[in-house]
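Asks: Chain by chain, the residues run as shown.
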Amino acid sequence: MSGPARVTAKTAKPVRIDEVDTRPALRFLTCGSVDDGKSTLIGRLLYEQNLIFDDHLAALERDSKKHGTVGAELDFALLLDGLEAEREQGITIDVAYRYFSTKRRSFIVADTPGHEQYTRNMATGASNSELAVLLVDARKGLLGQTRRHAIIAALLGIRYAVLAVNKSDLVAFDQAVFDEIVTQFKSFVTELGFKEIVAIPISARDGDNVSSRSDRTPWYKGPSLLDYLESVDVEDDRAGTPFRMPVQWVNRPNSDFRGFAGTIAGGSVRPGDEIAVLPSGRTTRVARIVTADGDLEVAGTKSAVTLTLADEIDIARGDVLAAVRDRPQIADQFAAQLVWMSNDKLMPGRSYFMKIGSRTMTATITELRHRLDIDTLAKLAAKTLSLNEVGVCNIATAMPVAFDPYAENRDTGAFILIDRYSNETVAAGMISFALRRATNVHHQDLAVGKKARSALMHHKPAVLWFTGLSGAGKSTIANLVEAGLNARGVHTVMLDGDNVRHGLNKDLGFTETDRVENIRRIGEVAKLMTEAGLIVLCSFISPFRAERRMVRELLDEGEFVEVFVDTPIDQCIARDPKGLYKRALAGEIKNFTGVDQAYEVPENPELHLMAGRQEADALANKVIDELVRREICSK
Amino acid sequence: MRLRRLEAEAIFIMREAASEFRNPVMLYSIGKDSSAMLHLALKAFYPSKLPFPLLHVDTTWKFREMIAFRDETAARLGLDLIVHTNVEGLARGISPVASGSAVHTQVMKTEALRQALDKCRFDAAFGGARRDEEKSRAKERIFSHRSAAHGWDPRNQRPELWNIFNTRIKPGESMRVFPLSNWTELDVWEYIRAEDIPVVPLYFAKERPVVDRDGLLIVRDDDRLPLKPGEKTRMELVRFRTLGCYPLTGALRSSAATLDEIIDEMRNSASSERQGRAIDHDDAGSMEKKKREGYF
Ligand SMILES: Nc1nc2c(ncn2[C@@H]2O[C@H](COP(=O)(O)OP(=O)(O)O)[C@@H](O)[C@H]2O)c(=O)[nH]1
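First to last, the sequence lines map onto chains R and Z.
Going by the working numbering, the first residue of the first sequence is number 1, and it counts up by one from there.
Going by the working numbering, the first residue of the second sequence is number 1, and it counts up by one from there.
Some hints here could point you the wrong way.
To be verified - With a Cα cut of at most 20 Å, we get these calculated PhoX-like pairs of lysine-lysine: (1) R:K635 <-> Z:K170; (2) Z:K232 <-> Z:K206; (3) Z:K43 <-> R:K302.
For the record, the hints were derived by calculation from the structure and aren't laboratory data.
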């Protein structure tokens with residue numbers, strides 16, 4: 001095969017010069033495995049267009065000598081790598097954006113890394129790109145990474161791809177090598193739904209077919225890379241899609257003006273158009289399209305405008321204004337594809353923040369349907385997703401949202417998930433379709449039991465029993481654990497000396513029998529609270545094994561988590577937060593555990609914290625980790 | 001279309017930050033990028049007034065024309081402008097002449113900015129930086145997360161997907177927001193021309209008194225810059241491509257006296273704009289270091 005390998009028949013439309021300045025910049029990303037030559041390619045593109053400023057070039061010459069890998073020549077890769085650490089290691093670790101323009105077009109390039117563990121960066125770059133340049137080393141042929149990148153690009157909705165077969169100089173510009181790679185690639189990508197794929201044999205280092213056609217590939221009849229990039233028309237016809245505008249900001253300078261500011265995410269709008277406000281479903285008409293440059297008669301996709309409406313309707317940030325006769329779907333449960341971006345794994349059942357358009361709410365992954373093997377596209381059974389993994393899941397949101405399937409509208413079908421505790425962006429999501437409630441909610445029996453109550457909680461009920469000497473740090477740790485659980489959306493309650501001894505058990509003292517009765521009552525209360533689905537944190541010295549066992553036996557299998565807060569008695573005496581040891585040692589208090597009453601060390605606690613040696617924070621994390629390990633709650 | 005798209009993107013970013021942060025501020029440096037950013041902000045919230053104040057960190061070494069332009073702009077547009085100077089630094093006698101560019105920038109810009117942000121408890125600050133300015137900026141986020149100590153950790157930035165920005169921060173933390181991230185220098189000038197945005201006259205060529213310093217052509221704005229024995233200022237037709245503290249900002253020999261001429265000159269230009277800044281020459285990766293410390 002020769003010439004550009006068009007997987008579909010459509011040819012790129014040449015663009016007339018007078019259209020050039022009016023076209024928005026082409027946003028594309030480059031991806032490939034490490035050392036395939038992405039950085040070299042972009043550096044070469046800039047260099048050949050004389051777009052490297054003299055001072056940058058001087059710096060490049062300096063840097064090439066210091067860090068370069070190509071001897072005395074310019075190492076274009078260095079032009080792109082920005083961060084110090086990367087420069088030292090010679091690797092790109094993040095997405096770098098480059099800007100250049102030729103006489104015919106402006107470009108915004110997302111340079112994304114080839115390292116396996118940085119797939120998330122590629123997804124990030126792809127989310128804002130319209131075209132992907134996939135680099136392949138001609139000597140190595142297609143690798144798992146190239147496939148993976150093609151899949152991610154397609155998943156993120158990129159419809160144009162260039163397969164740049166690089167380092168052709170190292171295979172003597174052999175057409176057979178090129179054809180073989182193209183054939184392999186074609187067989188792989190047909191199912192990915194690219195609209196257009198062009199394959200070009202290049203040498204990034206020497207410049208063949210980069211900005212002009214090379215004599216060294218006489219068999220290749222297609223455009224040079226730059227030629228193609230300058231001419232490809234990627235503007236997806238959003239103008240033809242139905243009107244959508246998420247309300248970003250309510251513009252209220254005075255009581256006479258009430259406008260709704262936002263960027264049009266689909267279609268166009270004119271004064272007089274009938275629109276629906278979603279999710280409420282109220283309808284009205286557009287009165288004016290207000291901008292600082294005067295009112296508009298029409299506003300198209302991606303314009304930032306302020307709309308005033310004919311009727312006074314309650315509208316807030318996060319609502320979506322949409323064409324009345326072609327509305328987005330509304331659902332609180334849907335199927336979506338996720339690219340997991342965090343080192344912390346996905347936890348089905350855990351509550352995350354979900355941001356879609358301008359609305360943020362809590363959401364839970366109710367079911368992970370499968371993980372996608374991004375080398376083979378196979379669907380694999382999975383319980384969780386780790387960093388860089390892609391999966392398909394069902395999501396339930398705290399309130400109904402208006403959306404379009406991602407394939408129909410990238411702006412109204414995309415969302416991110418945010419960890420409620422660390423604020424980290426943990427996933428990129430793309431909505432596939434809404435789930436009908438009926439298919440998802442099962443009504444079994446009418447009597448609401450423990451199971452039904454706890455199903456609402458997204459975690460299991462449990463009793464966390466902190467035992468140890470006075471001053472060991474039980475309450476401190478328990479408080480930190482509770483704060484951590486609370487931040488994770490776990491429903492908890494704390495029982496400790498303070499709230500129990502002063503109320504429920506105020507008739508009890510500290511004799512052995514009273515201590516036993518004290519623990520019995522606490523055990524019963526804790527049990528009732530597990531019936532309600534809560535995680536109960538109990539922090540009591542509870543010196544006797546038997547009572548601790550009694551509580552354990554009140555509860556269901558696996559619900560009692562005994563945490564032994566093991567602090568040496570000397571240390572407790574030294575701390576003596578309430579001055580009790582001092583008084584006990586002076587004989588002023590009787591039956592004081594560790595002084596004149598024994599403490600029976602737990603034999604098989606679920607968790608043994610060597611509390612003398614570590615900070616309370618670290619210990620609390622251990623407790624939470626243990627709950628996660630036991631699948632009582634999610635991370 | 002190209003500029004409209006960039007404009008819409010910047011407006012989107014500003015509205016997003018104004019909606020999601022409790023107490024945002026716009027850093028106003030008086031330069032062309034700030035002028036464009038301010039203009040965009042006025043458009044973003046029209047017909048409302050800006051829902052946040054402007055903050056200018058005044059090192060006291062700005063060109064006089066810059067300060068005059070700042071005050072005139074604030075008065076003309078009825079802006080809520082906060083001017084902050086690190087008075088302790090001033091009292092310690094820090095100046096670009098006496099202390100050198102590194103110390104001056106650290107104390108009078110980086111530290112001064114932190115002081116102002118802390119004092120007013122701003123949780124988001126708009127900046128006019130562009131990714132095309134400098135290598136390490138190429139990887140900067142549009143919403144760039146800062147620790148409570150204003151530090152920037154290049155390894156701990158959030159991925160930015162689509163135009164969905166994660167604006168959540170913990171108490172004490174803040175966000176730097178860069179609405180012009182995707183603009184190039186040329187885009188800014190073309191936008192200024194298209195929208196007729198006023199800029200400081202120093203950008204236009206004029207005969208100005210200059211001396212040579214460390215390879216830079218320095219315009220002597222007042223007699224605080226001491227002349228070396230026997231040295232004299234000479235008049236040359238120069239303009240600025242970038243504006244900072246006057247003893248640290250090199251002028252450009254140029255006859256471009258109108259926006260059209262500036263844009264033409266830039267299209268044929270062979271050096272990048274930060275070249276005129278003394279701080280960037282300090283050492284390789286210097287911008288990276290400054291950024292980690294909280295320099296804009
Ligand atoms: N012979 C040859 N070497 C190349 C070509 N493109 C890149 N290289 C070299 O391959 C190595 C990796 O390139 P680089 O651009 O850093 O790869 P990246 O990791 O994909 O950014 C460098 O030593 C380049 O000089 C090419 O077309 N031909």
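Asks: Now, for every hint given, state plainly whether the structure supports it.
Replies: Comparing the hints with the structure gives:
With a CA separation close to 19 Å, the supplied pair R:K635 and Z:K170 stays within the 20 Å bound. At most 20 Å may separate the alpha-carbon atoms for a hinted pair to count; Z:K232 and Z:K206 meet this at roughly 19 Å. Between Z:K43 and R:K302, the direct Cα distance comes to roughly 15 Å. Compliance with the 20 Å bound is thereby established for this hinted pair.
Of the numbered hints listed earlier, not one is contradicted by the structure.
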